[in-house]
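Sequence lines, in order, name chains A and B. Quick note: the first sequence uses numbering that gives the first Met the number 0, first residue 0, plus one each step. Quick note: the second sequence uses numbering that gives the first Met the number 0, first residue 0, plus one each step.
Just so you know, the hints here were simulated from the structure itself, not pulled from any lab data. Some clues are possibly wrong.
[Unchecked claim] Quick look at which bits of chain B chain A covers, simulated, 3 or more residues with Cβ under 8 Å:
#, segment
1, 113 to 125
2, 147 to 158
3, 162 to 171
[What the hints assert, rightly or not] Selected chain B positions facing chain A (Cβ under 8 Å, derived; list incomplete):
#, residue
4, Ala58
5, His59
6, Leu90
7, Val109
8, Ala110
9, Val178
10, Ile194
11, Trp196
12, Tyr213
13, Leu227
14, Arg231
The structure displayed is predicted, hence computed values, not measured ones. Using N, Cα and C, we set each Cβ at its ideal position, and we do this for glycine too.
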Amino acid sequence: MRGDPGSDVPHGGLLLAFADAVLGRDSTALADLREAVRTAVGDAGLSDAAGVIGGFDGITRIADAIGIPLEPEKIELAADFFNTLDIGRFRREKA
Amino acid sequence: MRPALEAAQNVAWRRLGLPGTWWTGAERLAIARETLAAAACPFCAERNAALSPLSVPGAHDAGEPALPPAAIEAIHRIRTDPGRLSEAWYLRLREAGLGEEAYVELVSVVAVTVAVDTYRRGSGLPPLAFPRAEPGTPTRRRPEGAKPGRGFVATVAPEDRADTDPDMYLDHPGPRRRVGANIHRALTLVPDSMIHWWDVLEELYQEGPQMRDYGVEYRAISHAQIELLAARVAALNRCEY
Chain A
0 MRGDPGSDVP
10 HGGLLLAFAD
20 AVLGRDSTAL
30 ADLREAVRTA
40 VGDAGLSDAA
50 GVIGGFDGIT
60 RIADAIGIPL
70 EPEKIELAAD
80 FFNTLDIGRF
90 RREKA
Chain B
0 MRPALEAAQN
10 VAWRRLGLPG
20 TWWTGAERLA
30 IARETLAAAA
40 CPFCAERNAA
50 LSPLSVPGAH
60 DAGEPALPPA
70 AIEAIHRIRT
80 DPGRLSEAWY
90 LRLREAGLGE
100 EAYVELVSVV
110 AVTVAVDTYR
120 RGSGLPPLAF
130 PRAEPGTPTR
140 RRPEGAKPGR
150 GFVATVAPED
160 RADTDPDMYL
170 DHPGPRRRVG
180 ANIHRALTLV
190 PDSMIHWWDV
200 LEELYQEGPQ
210 MRDYGVEYRA
220 ISHAQIELLA
230 ARVAALNRCE
240 Y
């Protein structure tokens, strides 16, 4: 997934690489990307980016550990990209 | 760091050492320490690499003898392999003696620990030292309005919250700020755990009304940048929700 263009979101590719690095194990890469993000969005932006990554690293665990389903209206809204990205494979891999 | 974010983290971290509803302060801190240690568990790494985690025999490299084996298994799997958790796995934990409410509180402690630790790693800040465990007895109070039907555990819908329950959906002074989506309901079997989690999450991320207010930026990065990051982390953790 690294190297994705990040669509048209400003600094999208950099932010995606940063998220990968925060959740990864390469401390050197993380340090480099942290400084790149700081340069791109400032100290406050770096902190808020790390906040989103931290928050979602926690909330995804709650969602999966409690097994909450998607709301029906969200299933309908997301059906297109759910199928395109084969997100349903996440459910098939549970054990 | 924004002062409000720093304050929310400090409060959330200190609450780890307070007596909970189903675990003591010392037990909650043991859960938090084990959450961090699980990232280096060789058994978890081996299971994570396997096509099915059930195909790998072995034992966790656990460092908290005060916690029962079912709690250790729960902490390690939630920490290291959350995307492949199933209801069958959860029911095996129950059969092994882990109570429904205790499991929910454990999930909240793991989530708070992971969120704060990941934030600090991302920001380049040192890990926070754990607080001292405060004495006290868990209240063991289950909300009267809890009902099964949304996920593996019972939850409390906004309309089923009793006056004796805390204002976990932030109904007051109104309008309701935690609208009752399934993710809001997830931890409501233990209201204090729900509040513990959402109070820190809303500073790390955004409050619900801020999330939906696309005309104003409440953070130093934009709504689009925030949601791009959120989606990436969800994908990396293989989270369908």
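Hint check results:
1. 113 to 125: holds (count 11)
2. 147 to 158: holds (count 4)
3. 162 to 171: Coverage by chain A is violated here, the residue count being 0 at a Cβ distance below 8 Å.
4. Ala58: For B/Ala58, the interface hint is violated, since the closest Cβ of chain A sits about 18 Å away, which is over 8 Å.
5. His59: At about 16 Å, which exceeds the 8 Å cut-off, the nearest Cβ of chain A leaves the hint on B/His59 violated.
6. Leu90: Not OK, violated: B/Leu90 not within 8 Å of chain A, min 11 Å.
7. Val109: holds (6 Å)
8. Ala110: holds (4 Å)
9. Val178: violated (11 Å)
10. Ile194: At about 13 Å, which exceeds the 8 Å cut-off, the nearest Cβ of chain A leaves the hint on B/Ile194 violated.
11. Trp196: holds (7 Å)
12. Tyr213: With a minimum Cβ separation of about 14 Å from chain A (threshold 8 Å), the hint on B/Tyr213 is violated.
13. Leu227: Since the shortest Cβ distance to chain A is 5 Å, the answer is holds.
14. Arg231: Nearest chain A Cβ about 4 Å off; hint holds.
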